[in-house]
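Going line by line, the protein sequences match chains A and B.
The first sequence stops at residue 545 when you use the numbering used here, and every number in between is there.
The second sequence stops at residue 537 when you use the numbering used here, and every number in between is there.
Treat the hints as calculated values from the structure; they're not laboratory data.
Cβ atoms here follow ideal geometry from the backbone N, Cα and C, with glycine treated the same way.
Keep in mind that a hint or two might mislead.
Quick partial rundown of chain B residues pointing at chain A, CB under 10 Å, derived from the structure [to be verified]: (1) 186; (2) 189; (3) 197; (4) 209; (5) 211; (6) 212; (7) 219; (8) 461; (9) 464; (10) 468.
Distance windows between CB atoms, simulated [to be verified]: (11) 213/A <-> 193/B: 35 to 41 Å; (12) 164/A <-> 190/B: 53 to 59 Å; (13) 519/B <-> 472/A: 45 to 51 Å; (14) 101/B <-> 524/A: 56 to 62 Å; (15) 135/B <-> 531/A: 32 to 38 Å; (16) 28/B <-> 535/A: 24 to 30 Å.
Facing chain B, a subset of chain A residues (Cβ under 10 Å, in silico) [to be verified]: (17) 253; (18) 439; (19) 450; (20) 455; (21) 458; (22) 468; (23) 480; (24) 495; (25) 500; (26) 503; (27) 538.
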Amino acid sequence: MSLVQSVDWVAIAAPVIAALAGLALLVADLFLPPERKHLLGWGAIAGLTAAALSLLPLVGDHRATFCLTDTPDVCSYRADGFTLVVQLLVFGGAVLTALLSVHDVKETGLPAGEFWFLLLSSVAGAALLPAARDFATLIIALETASLPAFALVGLRRGDRLSAEAALKFFLSSVVATAVMLLGVSFVYAASGSLHFDVIADGLAKTDPRLETLATVGVALTLVGFAFKTAAVPFHFWVPDTYVGAPVPIAAFLSAVGKAVGFTGLILVTLLAFPAYHDVWGPVVAVLAALTMTAGNVAAVRQRADAPHSAVRLLAWSSVAQAGYLLVPIAAAGWSDDPSRAVGSTLAYALMYAVVNLGAFAVVAATGSRRIADQRGLYAAHPLTALALAFFLVNLAGLPPGVIGLFGKVAVLGTAVDAGLGWLAVVMALNVVVGLYYYLRWTAQLFREPAKDAAKVRMPRVLGAATAVAAVVALALSGAPQLILKFADQALL
Amino acid sequence: MNDTAMQLVLAAIVVVPLLGSVAALLPAPPGLRGKSPEQAVLRHGVTVTGVVFVLSLVLAAGFDHDHPATVQADTDISWIPALGIRLHLGIDGVSLPLLVLTALLTFLCAIYSYFNKPEGPSATAFVALLLVLESGMLATFAVLNLLLFFLAFEMVLIPMYFLIARWGGQQRTKAAWKFILYTLLGSVIMLLGFLLIGIKGGTFDMVALATDNGSNLSRSVQLIAVLAIGLGLAVKTPMWPLHSWLPDAHTAAPTVGSVLLAGVLLKMGTYGFVRLVLPVAPDAAHTYAPYLAAFGVVGIIYGSLACLALARTGAKGDLKRLIAYSSVGHMGFVLLGIATLTPTGLNGALFANIAHGLITGLLFFLVGALKDRTGTTDLDQLARGALYGKAPRLGGLLAFGAVASLGLPGLAGFWGEMLAMFGAFDPADGLSRPAFLAFMAVAGFGTLLTAAYLLVVVRRVCMGPHSGEVPKLPDVRGYEFAAWTPLVVLTVLGGLWPAALIGLTDPAVQKLLAGGR
Chain A
54 MSLVQSVDWV AIAAPVIAAL AGLALLVADL FLPPERKHLL GWGAIAGLTA AALSLLPLVG
114 DHRATFCLTD TPDVCSYRAD GFTLVVQLLV FGGAVLTALL SVHDVKETGL PAGEFWFLLL
174 SSVAGAALLP AARDFATLII ALETASLPAF ALVGLRRGDR LSAEAALKFF LSSVVATAVM
234 LLGVSFVYAA SGSLHFDVIA DGLAKTDPRL ETLATVGVAL TLVGFAFKTA AVPFHFWVPD
294 TYVGAPVPIA AFLSAVGKAV GFTGLILVTL LAFPAYHDVW GPVVAVLAAL TMTAGNVAAV
354 RQRADAPHSA VRLLAWSSVA QAGYLLVPIA AAGWSDDPSR AVGSTLAYAL MYAVVNLGAF
414 AVVAATGSRR IADQRGLYAA HPLTALALAF FLVNLAGLPP GVIGLFGKVA VLGTAVDAGL
474 GWLAVVMALN VVVGLYYYLR WTAQLFREPA KDAAKVRMPR VLGAATAVAA VVALALSGAP
534 QLILKFADQA LL
Chain B
21 MNDTAMQLVL AAIVVVPLLG SVAALLPAPP GLRGKSPEQA VLRHGVTVTG VVFVLSLVLA
81 AGFDHDHPAT VQADTDISWI PALGIRLHLG IDGVSLPLLV LTALLTFLCA IYSYFNKPEG
141 PSATAFVALL LVLESGMLAT FAVLNLLLFF LAFEMVLIPM YFLIARWGGQ QRTKAAWKFI
201 LYTLLGSVIM LLGFLLIGIK GGTFDMVALA TDNGSNLSRS VQLIAVLAIG LGLAVKTPMW
261 PLHSWLPDAH TAAPTVGSVL LAGVLLKMGT YGFVRLVLPV APDAAHTYAP YLAAFGVVGI
321 IYGSLACLAL ARTGAKGDLK RLIAYSSVGH MGFVLLGIAT LTPTGLNGAL FANIAHGLIT
381 GLLFFLVGAL KDRTGTTDLD QLARGALYGK APRLGGLLAF GAVASLGLPG LAGFWGEMLA
441 MFGAFDPADG LSRPAFLAFM AVAGFGTLLT AAYLLVVVRR VCMGPHSGEV PKLPDVRGYE
501 FAAWTPLVVL TVLGGLWPAA LIGLTDPAVQ KLLAGGR
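Bound conformation, chain B alone (with noise of 0.2 Å):
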């Protein structure tokens, strides 16, 4: 495909959904309408979502896999010039993926939300604010400017909230707050190491500073401008110890918020990592590399005894704030391994970071299902289940989320996690080795305490006693079968298949930690 068509694809992929949002305000046209105006709202979520997707994958397929380390589909036009701001969108091996899963991530949502309509107020914006959620979601991945990253950064944020706070369950208000004020101060810190990069290193542009490769910033602008921009990102990935708006904004989220925030949501703070510090500013990042390896591992423990915890008998844990705690430790891996600053531990990461957005959008699917079918995710309550008996399909299908997100060798978690331990077996020069062995060692206990908690969770909710009376649960539905497969078969794919992932990422890893050469 000639690049000016790569061009439209990956504009239109950013514009359509905010047009679909508007649209999706104003009443329906004639043929249109459907039965009722809330399906007829619905079905138009599902339709740009669709023709979001398909033009992803039209991109996918336009994108040239020999070449992932350049970025295509590249458009740079100017937009602000007083401020340094131009519209430069394009994609690489590193954001391809990330893009690709968004669309379908929000396809899935919207598909799931048809069927199962979210209970709330109007499903027209319901419908808006989740195309103004999956725009902010793709830009994030496909721009090229750092102030662009930053306005994609925080589209995110009020419809996000509106989503939890609207359509949510218990606590939403609270946990709505707790969201956006927490990432927004965390995003606001993050502008001012933009400003100083951009600033001091005379453009915001995302590939001419890579280029740069840190070379016009001096050591002390480039410590305290990833500093900054470390927070915030940080926040967003979320980083142990500045998670605590995590596990209430998840648990308090409708299913299709979860199922985002988990999903994409998380990546925009790794990416951030990814593609902005480690090429930016090369001398800072490998200042902090050990402190964010630290920080990742302790997030790793941390959030699997939070697991644990919740997990035992009598806790009164909530199955989704487990989830929750259980993202905490997988993105404490992702971390891991981009603080290795090895192209192994980078493309650990990279992966793991889709592998936990398929795994975990899953789980989350899994168990906004089980909440309509017994109405409660307080695990003591789901625990007198014996889901096997009563709905088998549904049980298998949590088992095989929950083995996913273990690491089980064979499917997408097992990957991500191990390269990411294998980069910390030998970090980039200049790294403390005998460090890098402890936080690998620890690191390795943590996924022995995942596994602990996940079967824990598996052997209470799937199995138990069997008692012939207890009414049958509806097994899974027809749609729900439409939203979840995809990712169940790219979770087996991505196991079994990893080179098909890691090939598009290793050459633009290279590539950004050479400098942007």
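Only chain A is shown next, with the shape it has when bound in the complex (with noise of 0.2 Å):
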């Protein structure tokens, strides 16, 4: 018997490929003269497009890599439906982050092959995450994800908002990971295990005499996952972070970092902790609740002409929709179909990731990251105003934004599936609370525009960004049927 486990390149070719080019384009930035530089960026996209491309021949099939050599069925990469969906939506995320980082790196002076390397490093991470099947891979891709954040976030030298926010979420993330090591260290206590399926069986006959250790490894797990998912009360870090980031690094985190947090909560719940539903399922739904609130109530109080108010609106505002993001999770602890449930989260996510990254792209292209500078931005740029008035409505939830609106309306159907009638009401009610500072945003795009407001112009690669967001969004909002599919089947 071999004591070497086999590997299957064509399984893990995605985050492969996605690393190989963060690595080539830091060497090439040695050799590139400055004048030339903005060639990385396109390098960069291409490298993302490869990745994404790699994932072709794997639809539609289940494989499973570095399994134990004497357990084969026991693997630490898996390469099934919901790895897919979450890697599409990395990619995804990341080529449209790329595109609004090509104008950003240029102008700001950022460094462009650092810039780059960190990038595609965090998305290698986040894209070998959810393939993930035992503790240790998961948390390498987990750090390996947020490690570069951190240095992105920071990137912009002599910036003390810039240093602060990655210096503060830089901490709270180190305690997270701290805190989620300890459970993770009481779990295998308990299991004897890293790997999930393992895990899944060992919790199910814990020796009674440790069953407090498990549940409180549990717990501990979760409160690891509750920090990188920005859910209240860990979401501090969130608006400060953003604001100092660069803005598409904000947008970054906001999509796939949020999408590497959910990812790694529904592994560990549905395939580690399935014995412990009890004990995570309310946990769950009581932090959805309070993340939904406290994110829609902080954003409601954004005031339009405060410095930064549009990003820090999409802050707050992306707090809360992590709270309607872990209400599937929740009904997942109920639910005699769990993995059916958590379908609703994958399908809203990849909705709230094309949406959010279009509204952020608007504000990256508009160069105001005030919400009162774009007022009467459909009189000087009409298709950006609409645009960005299509991708708030779909936040919001209403028509036109069909796919929003189908989106929340599939997040509502698990909870009442499970009987989590309390947690659909206080949905029911956030999305109204929500709808108001969405449609107060829309409605200032359609003022008149204020007397000395200087025209901006827009730099063509993020007109070009937004306009696939909003081509994604609107194919999405009649036909969505193509990422609502996902809420009703089992991928995992």
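Since each chain comes alone in its own frame, lean on the hints to assemble the complex.
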């Protein structure tokens, strides 16, 4: 019997390509003259696209690799439907982020080689994460995704806000990781394994004397993920981090960073801790209710003319949306078919990634981080204003934002199905609160422009990013089944 | 007409306004530029709503009037299988009249706006919003899937919000927010009810659910779901005490907005009760019927008293607000009719729906015209008017609208309220007859109050001391005649020939009550 695990290179191609592309760009940066550094950005986009394309052979296939040599059905890496959907989200979000960044890197003088290397490293980690089926892989993936992100947030040299944001993000994230590792070690002690499958079996028949240890381990692991997903009460880093970071990085954190946290949470709750669903189900439900309420209340209080109000509002709204994303996971704790319930989280996360990146794209394109500066945008840039309005009504979940509406319907459906009536009502009330600030912003776009408003020129590449997001969002509104089908099948 | 053509016509009725709305945002093609971009886009609005109105007439003509209880022009296409949402469109005797009324009122509004440009930002946006609004309203009456109904129900919110917030009068921002937040709150709660029914009943299809007649739903599920759905519909209707968004919204909205709010949007609520609650959850409907009736009659009395208070001398009452409160009263009759759960009451409710749409639409048009001429809707200022002397035709029409609204026999307002009370005289089996007799008596008293305040309004606005030197107001203009005549004619026609409408609704109502069989 061989002691060396076999490696299925096709299955792991996507994260590997992203990582290699990152390294290649870092090296290429050394040899490129400054005036041609912008090529690095296009190289990154090409690398990300190649990585996304490498997913194609895996569609409809279930592959597993890095399996234990003695028990070949226990594997560390699985490329199944769930993995592919999350990887699609990660690469799609990353390509849009890269499009946004091309302009930013050039204009603000960010160090190009480092920037693209860090971004692609983070993407590689995020792409690895959904495939992880043991705690070691999971945590390595999580840290690979997070560590470059700290640096990206703090990359604006000489900017006090940027440095402060990075520090805040770093400290809270490191605390989260530490707590999570403690939890994982407890779970390991109680179950004797790091592989999710084995843990699930082990926890189902724990020695009664170890039960407290196991419960504490489960709870601490959840706390760690609550940090990553910015669930209340671990959400305070979000607004400051988004404001301090370059706009594309804030967009990246909101779409991809968030997806990473949720993926991890889904994996550990459904695969590793199914026996403890009566522990994590109620915990996640309460977290969901608190998170959406706190996010919405804070977002309502944002004033349009405050500095950075647009980014700050999107930050708080992302906290609120995180609450919605938690609802199906909580519902999975009660559901007979938990992996179907979390499909709604995936569908909603895909929708949210598209429209939120779109909204960030417009913020970046107009070059103003205040909502008040976008007053009368329709008069100056009608198409951009219509696109932003469309993104915002999708976030609010009202027609014509059909996909936003049905995304929320799918999420609410899981709560109703699981008998979580109170959570459904809390979410319904929150949707109303959310409408208030999204629509208030939308209304600004169509007002008379301020008299002293200077006409902003929009960089073409940012316009393109907006257009891509708008076209995808429109297509999804016409054919919501494209992503809502994930809400109807067991992917895991 | 064959079935495919009918399906296409119905689909076109929903889709054409949407396409028209997108087209309104594009620059006009050469040849259609008109005198100015503004004129061109307003004309575009008239054209599109006109086409939709003609299509609705075609649909009504092609409708098989011998079988109004069957769903016709039935289209059923899969759209989002993951959520069980199918593009299921169809009409029967309940929805057809409302569909035609909607198309008619929107068309009249477009004509009115063409000649009387809305005061506010660009006409392009106005037309685009009006068309989206129309599409949403028509879709509400045409769809037969619960979640699609919810989509249509929500689709009217954003256009109406902007119509009020941008083209409205005083206090418009606050009124617009109140309108959208209040109704959204209602409708998301309603969505929870829909989801509960869909998940427990296994389908979101209204026809299938009506045929099951609640047999797949346990009693407690029915009770919870109907409570949630009823809340959403009651906000929209509006039912006392959930009506407080309505007076503000109607008062602040531009004329066209008020006409459509009162004429169509309120009907979406009562239509929902008839279409969804009664057949899908009959047990719960029985349980809640007395409460619905009670809230309805309280609304009648409350609306009438509020109107009386507004109509007093020196109360600084706003005429628009008064008509808005009168809607609360009229919708109270509709709710009472529905709550009787009898064919008589339901027919009355549906009749009153249409009649209220025609008459209140007309009244809001007239008040808008008064405001254009005098610059105010304040009753105390209008009271010095002696409208009969200054603008006899306008005064005559206002008096006509008022007496139609108070339910004068021979006009459309009479039959609906009479039938609703008649239904309450003998409610469905299992409902407490004494309670409904009491409701009927209270409602009857309400008609007296209604007559009182409307006659006070007529006396104060139209009549008055004749003083020779008051400047004359311009009387009814040509385009105003064009916009109002259909409403007047239909009001008279509905009063003299109610069978035309009841013949359509009665078989459909019987079927709904019998559980879709």
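Hints versus structure:
no. : hint                        : in the structure
1   : 186                         : holds (8 Å)
2   : 189                         : violated (18 Å)
3   : 197                         : holds (7 Å)
4   : 209                         : holds (6 Å)
5   : 211                         : holds (7 Å)
6   : 212                         : holds (5 Å)
7   : 219                         : holds (5 Å)
8   : 461                         : violated (38 Å)
9   : 464                         : violated (38 Å)
10  : 468                         : violated (39 Å)
11  : 213/A <-> 193/B: 35 to 41 Å : holds (38 Å)
12  : 164/A <-> 190/B: 53 to 59 Å : holds (56 Å)
13  : 519/B <-> 472/A: 45 to 51 Å : holds (49 Å)
14  : 101/B <-> 524/A: 56 to 62 Å : violated (24 Å)
15  : 135/B <-> 531/A: 32 to 38 Å : holds (36 Å)
16  : 28/B <-> 535/A: 24 to 30 Å  : holds (26 Å)
17  : 253                         : violated (28 Å)
18  : 439                         : holds (8 Å)
19  : 450                         : holds (9 Å)
20  : 455                         : holds (7 Å)
21  : 458                         : holds (7 Å)
22  : 468                         : holds (9 Å)
23  : 480                         : holds (9 Å)
24  : 495                         : holds (8 Å)
25  : 500                         : holds (8 Å)
26  : 503                         : violated (15 Å)
27  : 538                         : holds (5 Å)
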